[in-house]
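S.K.: The whole structure should be built from the sequences, with the hints applied where relevant.
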Amino acid sequence: MKVGLFIPCYIDQLYPKVAVATLELMEKLGLDVYYPTRQTCCGQPLANSGYSHLTYDIDELFTHNFESCDYVVSPSGSCTLHIKEHLHSYKNIGSAQHIKKHIYELVEFLTDVIKVENLKATFPYRVGLHQSCHGQRGLRLASMTERVEVSFSKPKHLLSMVNGLKLIDLTREDECCGFGGTFCVTEEAVSVRMGQDRVADHLNHKAQYITAADMSCLMHMQGILKRQNSNVQVIHIAEILNATL
Amino acid sequence: MKDHAQLAEAFNKDKERVTWHDETLWFVRTKRDKAAHKFAGWEQLRETASQIKNNVLSNLDSYLLQFEANAIKNGITVHWAKDAAQHNQIVLSLLQKHEINSLVKSKSMLTEECHLNEFLQHNGVEVIDTDLGERIVQFRNEPPSHIVLPAIHLKKEDVSDTFHEHLGTEKGNSDPQYLTEAARQHLRETFLTRKLALTGVNFAVAETGEFVVCTNEGNADMGAHLANLHIASMGLEKTIPRREDLGIFLNLLARSATGQPITTYSSHFKRPRNGQEMHIILVDNGRSIQLGRKDFRNSLKCIRCGACMNTCPVYRRSGGHSYHTAVAGPIGSILAPNLDMEKNKDLPFASTLCGSCTNVCPVKIDIHDQLYKWRQEIVKSGYSPKSKTIAMEAMSVSLSKPMVYDISGKALRFTLRYAPFVINNKLNPWYKQRDMPAAPENSFKKWYDENRNKKNDNE
Amino acid sequence: MSSRNEILAAIAANKPDYQPLPVGLYTPENGYNIVSRFKENITLIGGAVHKINVISEIEQFLYSNFPSAKRIVTNNEALKNVATHLINTDLDKQIPHELENVDVTILDAPFGVAENGAIWITDESLHHRVLPFITQHLILIIKESSIIASLQDAYAKIGLTDYGYGTFISGPSKTADIEQSLVIGAHGSRSLDVFIIGQAS
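Protein chains in written order, with my numbering: chain B, 1 to 245; chain S, 1001 to 1459; chain Y, 2001 to 2201.
Keep in mind that the hints are not guaranteed to be accurate.
To be verified - No more than 25 Å apart at the CA atoms, straight line, and that leaves these computed lysine-lysine pairs for PhoX-like:
hint, chain 1, residue 1, chain 2, residue 2
1, B, Lys-84, B, Lys-120
2, S, Lys-1426, S, Lys-1013
3, Y, Lys-2157, S, Lys-1073
4, Y, Lys-2080, Y, Lys-2143
5, B, Lys-91, S, Lys-1401
6, S, Lys-1171, S, Lys-1155
7, B, Lys-206, S, Lys-1015
8, S, Lys-1015, B, Lys-226
9, S, Lys-1364, Y, Lys-2015
10, S, Lys-1410, B, Lys-17
11, S, Lys-1034, S, Lys-1401
12, S, Lys-1294, B, Lys-84
13, B, Lys-115, B, Lys-2
14, S, Lys-1380, B, Lys-84
15, B, Lys-84, S, Lys-1426
16, Y, Lys-2157, Y, Lys-2143
17, B, Lys-226, S, Lys-1155
18, B, Lys-2, S, Lys-1446
19, S, Lys-1343, S, Lys-1388
20, B, Lys-17, B, Lys-156
21, B, Lys-115, B, Lys-101
22, B, Lys-84, S, Lys-1082
23, B, Lys-28, B, Lys-226
24, B, Lys-17, S, Lys-1013
25, B, Lys-2, B, Lys-17
26, Y, Lys-2015, S, Lys-1294
27, S, Lys-1013, S, Lys-1031
28, B, Lys-2, S, Lys-1454
29, B, Lys-101, S, Lys-1301
30, Y, Lys-2015, S, Lys-1082
To be clear, the hints were calculated from the coordinates, so they are not data collected in a lab.
M.R.: Right, dumping it as structure tokens:
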């Protein structure tokens, strides 16, 4: 089984340790990980801004990079969802279709494809889980409070396997943090307010770390925490699942 | 004209009010959640409603003809209005024909969409809104900020001041019970003396030619049953096939809106009462165009419950007026561009695409997907700023050419590390209230090259 | 072309392919005690429920709760001793505006719906449509055996029967338009008391 690793652009450039943790975790689980070095981005920043017509070349590049993989895995629910919904290739229609069907966000790949039952991870802290919307509602990583459905959470399932980790409850367990791609700058006032409210919920419940399956939400909340001189840290879920003492 | 971001920024100047607005609407959503979770078969009910509405859209012309024929048989006069101007003119003509110069109105978002009040006032007609929230905002010369809770942007102290000025209530008395009683007395007098009542329509039943109006206050009924002339204005899409379909929609509407099991009054008007004239105006105003937009036609399934507003984290923190359109919030943002794309080009961007609206919607409108699709339409139609287009074109080049991407990434990290003032300044909206991430020296790609590729080569 | 024909032509040109009506996707819940559910819902929405065996028990309720009521109207002949007016015989010539000073209206209603706490009334029994709204206080009487489970059942029962006007009433008139604080008694009745007459009678 050849598993392609897709590292979103901002993780590659700004949070390489998240990518390292993802890779190491997958290697620990015995996976044959393939990382195409000519990769860039999923194209979502353009498409969500209304410029999906400028993503053709990005899509072709993406399809070419991952066409030989059985699965593609990415430590981002948002980028994964974008590929799943919007990847399109004129040159290689079949490969693009295959990728759309076989791309997984890291958490769902671990729970649904390789069905991880235990992890040798230790993280002895109070952790708040931020449900990133695209992962939660788009990829259905977890049930949502507005739907009448049996409650489930794939990220919580994995976090429950981590030694010493104490998952805190939140008052609003699945409210958006306000990052929203370019929304974070074009709607700065509302974006920041949403982020402040989300961070406050975690702080009120005495989180030491805030984690999520999307680094973009965490980057936004980190910016707010730092501005408030808070000691609370953000950490990608891959880093926790890969953490040892 | 100010756009959503600017209006939302102004709204956010008063932090405490934003907290209050957010928490109050969140409370309404919580009540909705409780009602939905208590109701066995909620998701099947939504699916049924959604499919009935799909059927309606696919057969709307036949249903309208059926409704018209039955309504006429019942003694109701049916009018057709292509647009807001025709609708307003029909109302005015009826007023003139009966030599009436004032009317009572219960909540109708359609008349807000048509700007009926302004039109009638210009023509010397007095319009009195009778829904309490609408009466409050009408006194203040403001539009409603929410389709179900028109005065949700106001605190009781604001209402107290307004009522003191217009109804002579005690200065400083902001007890909701007291203020509501004052409005009750004032409007009772009005109901008894006005000859024309205008109401909206929640559902129009093709099979029987009747229409249903839902209120909690009883104001639509008070108006209609005391007036000699009842005009009901409805958007074409409010038609449903059969009377029995009301069993589905009445279960969804109030639970989605406020968490009540049903609205206090769900009134079925089939025939005018003896001696009364009843008119219904079927209004298109862009709806038949929206019906032809494959990606957006589902927006016409909306039953105006307001659940998408209450759940929207952006709406709760930007207020209804920041949407500068009759219907605010997520549903308004997918309806408004159809009416005027240029004027409403900002609205589909006033969202993080979190998707909560889609999942709360009782008729399963894919609201957040339509927001995404409107963004594409708006850019394609040339309503995106030139500077943004240039930036996006540059980004497209960088992201489709790995070498350019690597160089730009390196430049970004270099700047963040060694010249942060280039980025961390007041021209950067990110930096205003948030710190930038600390940039690492190397990208993951570089790390991989050093730690995996080279290692593999050595092995 | 008239607006009507223009609109219809535009719809015909723009509507999507025919989608059938759904069949059997949703079935209302069953197997619960519908009378308790009905009471629960009426209470939830600000009404009060009283279980009685004979109509005359309402007389006592009126004496204790509305001692100063000057105008009490009803469509129930059995209450003619306490009521000041019988709707069909005493009020038939009045115009609706003259009902402005009605204190209490007592109406027999054909049935109630448990899942909503809603009670159906048509203008057949009302005579004046405005009555349940313009009255200060509203009392509705239903037979316990006429409480049905769901709105589905309700519309099955109503079928295509003819009426000029019909309404589901669920509670006293209310508003929360000022700061979401619930206030009972907006424009319609200030209270709703529902009397359920037991099976015995």
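S.K.: Compare the structure with each hint and give your call.
M.R.: Hint check results:
Only pairs whose Cα atoms come within 25 Å are accepted, and B/Lys-84 paired with B/Lys-120 is rejected, the gap being roughly 31 Å. Taking the CA atoms of S/Lys-1426 and S/Lys-1013, the gap is near 18 Å; set against the 25 Å cutoff, the hint holds. Under the criterion of a C-alpha separation no larger than 25 Å, the hint pairing Y/Lys-2157 with S/Lys-1073 is consistent with the structure, at around 23 Å. This hinted pair checks out: Y/Lys-2080 and Y/Lys-2143 have alpha carbons roughly 19 Å apart, not beyond 25 Å.
For the hint pairing B/Lys-91 with S/Lys-1401, the CA-to-CA distance comes to about 17 Å; that is within 25 Å, so the pair holds. For the given pair, S/Lys-1171 sits about 15 Å from S/Lys-1155 by alpha-carbon distance, which is consistent with the 25 Å threshold. Taken as a hint, the B/Lys-206 and S/Lys-1015 pair is honoured in the structure, with Cα atoms around 23 Å apart against an allowance of 25 Å. Of the pairs offered as hints, the one joining S/Lys-1015 and B/Lys-226 holds, with about 20 Å between alpha carbons and a cut-off of 25 Å not exceeded.
Note on S/Lys-1364 and Y/Lys-2015: the hinted pairing holds, with a Cα-Cα distance of about 19 Å set against a maximum of 25 Å. As the CA atoms of S/Lys-1410 and B/Lys-17 are separated by approximately 16 Å, the hinted pair is consistent with the 25 Å bound. For the suggested pair S/Lys-1034 and S/Lys-1401, the alpha carbons sit about 51 Å apart, so the restraint of at most 25 Å is broken. Using a Cα cut-off of 25 Å, the hinted pair S/Lys-1294 and B/Lys-84 holds, with the two alpha carbons roughly 21 Å apart.
A hinted pair counts as satisfied when its Cα atoms are at most 25 Å apart, and B/Lys-115 with B/Lys-2 qualifies at roughly 17 Å. Taking the CA atoms of S/Lys-1380 and B/Lys-84, the gap is about 23 Å. The hint holds against a cut of 25 Å. Restraint check for B/Lys-84 and S/Lys-1426: not satisfied, since their Cα atoms lie roughly 37 Å apart, outside the 25 Å limit. Taking the CA atoms of Y/Lys-2157 and Y/Lys-2143, the gap is about 15 Å. The hint holds against a cut of 25 Å.
This hinted pair does not check out: B/Lys-226 and S/Lys-1155 have alpha carbons roughly 34 Å apart, beyond 25 Å. For the proposed pair B/Lys-2 and S/Lys-1446, the alpha carbon gap of about 22 Å is at most 25 Å, so the pair holds. Proposed proximity of S/Lys-1343 and S/Lys-1388 is supported: the alpha carbons are some 18 Å apart, at most 25 Å. Taken as a hint, the B/Lys-17 and B/Lys-156 pair is honoured in the structure, with Cα atoms around 22 Å apart against an allowance of 25 Å.
With a C-alpha separation of about 18 Å, the suggested pairing of B/Lys-115 with B/Lys-101 holds against the 25 Å cut-off. For the proposed pair B/Lys-84 and S/Lys-1082, the alpha carbon gap of about 41 Å is over 25 Å, so the pair is violated. The suggested pairing of B/Lys-28 with B/Lys-226 is violated, with an alpha-carbon distance near 33 Å, which exceeds 25 Å. Using a Cα cut-off of 25 Å, the hinted pair B/Lys-17 and S/Lys-1013 is violated, with the two alpha carbons roughly 37 Å apart.
Using a Cα cut-off of 25 Å, the hinted pair B/Lys-2 and B/Lys-17 holds, with the two alpha carbons roughly 23 Å apart. For a cut-off of 25 Å, the pair hint linking Y/Lys-2015 to S/Lys-1294 stands: about 9 Å separates their Cα positions. With a C-alpha separation of about 28 Å, the suggested pairing of S/Lys-1013 with S/Lys-1031 is violated against the 25 Å cut-off. Restraint check for B/Lys-2 and S/Lys-1454: the C-alpha separation of about 20 Å stays at or below 25 Å, so the hint holds.
For the suggested pair B/Lys-101 and S/Lys-1301, the alpha carbons sit about 31 Å apart, so the restraint of at most 25 Å is broken. Between Y/Lys-2015 and S/Lys-1082, the direct Cα distance comes to roughly 17 Å. Compliance with the 25 Å bound is thereby established for this hinted pair.
Consistency note: the structure conflicts with the earlier hints numbered 1, 11, 15, 17, 22, 23, 24, 27 and 29.
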